[in-house]
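Take the sequences, apply the hints, and build the full model.
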Amino acid sequence: MFEIICYVRKKSEVLRCLPESLESCHEALEEVSEFLCQRFPNMFRKISENNQEFIENCMTGEKFDLRRSVSDGNDTDALEAAVRLTMEDLSILMLNEEGEYYLAASASLFPTGWTVKERIGWTISRMHEPVPLWHQQVAKSVGKFLTRLTPNSPMERSNYFVEVKRPDENLFEILYRPGALCEKELNNPLPEEIIIRRERQTFRRLPRTEAIVFGVKTYLTTLDQLPMQELENLVTEMKSWPEHVSEYKGKHVWSEKVLEFYNRRKDAASHATKEKIEV
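Under full-length UniProt numbering, think of the first position of the sequence shown as 1, with each following residue one higher.
If you're looking for bench data, these hints aren't it; they were derived computationally from the structure. For each residue, glycine too, the CB sits at the ideal point set by N, CA and C. It is possible that some hints are incorrect.
To be verified - Estimated spans, in silico, between C-beta atoms of each pair:
{"#": "1", "residue 1": "Lys46", "residue 2": "Glu243", "range": "52 to 58 Å"}
{"#": "2", "residue 1": "Arg200", "residue 2": "Ala139", "range": "18 to 24 Å"}
{"#": "3", "residue 1": "Ser48", "residue 2": "Leu220", "range": "36 to 42 Å"}
{"#": "4", "residue 1": "Lys46", "residue 2": "Pro242", "range": "37 to 43 Å"}
{"#": "5", "residue 1": "Ser240", "residue 2": "Cys58", "range": "44 to 50 Å"}
{"#": "6", "residue 1": "Met59", "residue 2": "Glu256", "range": "26 to 32 Å"}
What the hints assert, rightly or not - Restricting the straight-line Cα-Cα distance to at most 25 Å, the calculated cross-link-like pairs of lysine-lysine (PhoX-like) are:
{"#": "7", "residue 1": "Lys11", "residue 2": "Lys217"}
{"#": "8", "residue 1": "Lys117", "residue 2": "Lys249"}
{"#": "9", "residue 1": "Lys266", "residue 2": "Lys239"}
{"#": "10", "residue 1": "Lys10", "residue 2": "Lys63"}
{"#": "11", "residue 1": "Lys46", "residue 2": "Lys63"}
{"#": "12", "residue 1": "Lys217", "residue 2": "Lys63"}
{"#": "13", "residue 1": "Lys266", "residue 2": "Lys251"}
{"#": "14", "residue 1": "Lys257", "residue 2": "Lys239"}
{"#": "15", "residue 1": "Lys251", "residue 2": "Lys217"}
{"#": "16", "residue 1": "Lys249", "residue 2": "Lys239"}
{"#": "17", "residue 1": "Lys217", "residue 2": "Lys249"}
{"#": "18", "residue 1": "Lys117", "residue 2": "Lys10"}
{"#": "19", "residue 1": "Lys140", "residue 2": "Lys249"}
{"#": "20", "residue 1": "Lys217", "residue 2": "Lys144"}
{"#": "21", "residue 1": "Lys11", "residue 2": "Lys117"}
{"#": "22", "residue 1": "Lys239", "residue 2": "Lys251"}
{"#": "23", "residue 1": "Lys117", "residue 2": "Lys217"}
{"#": "24", "residue 1": "Lys63", "residue 2": "Lys11"}
{"#": "25", "residue 1": "Lys217", "residue 2": "Lys10"}
Here it is, written out as structure tokens:
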């Protein structure tokens, strides 16, 4: 997947590491390797060749050098290796002189509404400026949350977006969304063209460098494959959004079709239940 994305998009658009992040990138690779070899010993193993230590993905045959120093080779090697091993986006967050976390390194192949090339070096607050009510309601709690992280207390949260794909769009174009998730002209989508994009987000502080590793695992489900309870939850939530949130999430493009599909499924389920009772 990494090679395909980098073939379609320039590598510099999805992978950047500022000089001060390199030691943390190497530590992230060490932590990832240690975890994978312990958790999945049949799939990953450490091997030594010519006085060098590697981690090998036994499923793909890929090997990555674990002992390369910060000053050797390409600056992005360690983070790229970690991403190839975990198969999820990884970013390194570090504190600046003002005490705010910023994006010091990132390998984000599946971004939504941004690119690494554009936002490398940005603070967390600057990155979230387009998000409604971020500074008023969320910024302070996020700062406290990141400050309280310890190496032994990783945290996890989930997030989701609704996006609409063009009929001719392939998987890689759906996953790589640096711009809007919903184009205004796609205002009459089919259920299979409406995608619920879930993100499993993890946060962990590195024990040595004390930087934070931010991981994002992306899952895609089309509307017609969504379980009824989740569909009902989506309808309930979207009805509660104020106008500025609805606009930010592109609700005007897909909400009518989501509601229409939900009502059809609810009616079908009600009809099926009635038939069972009569039998």
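Going down the list of hints, with the structure as the test:
Lysine 46 and glutamate 243 have their C-beta atoms about 54 Å apart, which keeps the hinted 52 to 58 Å range intact. Our hint of 18 to 24 Å for arginine 200 and alanine 139 holds, since their Cβ atoms are close to 23 Å apart. In this structure, serine 48 and leucine 220 meet the distance hint of 36 to 42 Å, their C-beta atoms being roughly 39 Å apart. Separated by about 52 Å at the C-beta atoms, lysine 46 and proline 242 break the suggested range of 37 to 43 Å.
Serine 240 and cysteine 58 have their C-beta atoms about 47 Å apart, which keeps the hinted 44 to 50 Å range intact. About 44 Å separates the C-beta atoms of methionine 59 and glutamate 256, a value inconsistent with the hinted range of 26 to 32 Å. Between lysine 11 and lysine 217, the direct Cα distance comes to roughly 19 Å. Compliance with the 25 Å bound is thereby established for this hinted pair. Pair hint lysine 117 plus lysine 249 holds up; C-alpha atoms about 23 Å apart against a cutoff of 25 Å.
With a CA separation close to 17 Å, the supplied pair lysine 266 and lysine 239 stays within the 25 Å bound. As the CA atoms of lysine 10 and lysine 63 are separated by approximately 23 Å, the hinted pair is consistent with the 25 Å bound. Distance restraint check for lysine 46 and lysine 63: the Cα-Cα separation of roughly 9 Å lies within the 25 Å cut-off, and the hinted pair is therefore satisfied. Of the supplied pair hints, the one linking lysine 217 and lysine 63 holds, its CA atoms being roughly 22 Å apart against a limit of 25 Å.
A threshold of 25 Å between alpha carbons decides the hint, and for lysine 266 with lysine 251 the separation of about 21 Å falls inside it, so the pair holds. Among the hinted pairs, lysine 257 with lysine 239 is consistent with the structure: their alpha-carbon atoms are about 14 Å apart, no more than 25 Å. Restraint check for lysine 251 and lysine 217: satisfied, since their Cα atoms lie roughly 24 Å apart, inside the 25 Å limit. Using a Cα cut-off of 25 Å, the hinted pair lysine 249 and lysine 239 holds, with the two alpha carbons roughly 12 Å apart.
Distance restraint check for lysine 217 and lysine 249: the Cα-Cα separation of roughly 20 Å lies within the 25 Å cut-off, and the hinted pair is therefore satisfied. In summary, the hint linking lysine 117 to lysine 10 is supported, as the alpha carbons are separated by about 10 Å, within the 25 Å threshold. Only pairs whose Cα atoms come within 25 Å are accepted, and lysine 140 paired with lysine 249 is accepted, the gap being roughly 23 Å. Taken as a hint, the lysine 217 and lysine 144 pair is honoured in the structure, with Cα atoms around 23 Å apart against an allowance of 25 Å.
Annotation: proposed proximity of lysine 11 to lysine 117 holds, straight-line Cα distance about 9 Å (limit 25 Å). Restraint check for lysine 239 and lysine 251: satisfied, since their Cα atoms lie roughly 10 Å apart, inside the 25 Å limit. Proximity of lysine 117 to lysine 217 is assessed by CA-CA distance (about 20 Å); at most 25 Å being required, the pair is judged to hold. Under the criterion of a C-alpha separation no larger than 25 Å, the hint pairing lysine 63 with lysine 11 is consistent with the structure, at around 20 Å.
Between lysine 217 and lysine 10 the CA atoms are separated by roughly 21 Å; this keeps the pair inside 25 Å, and the hint holds.
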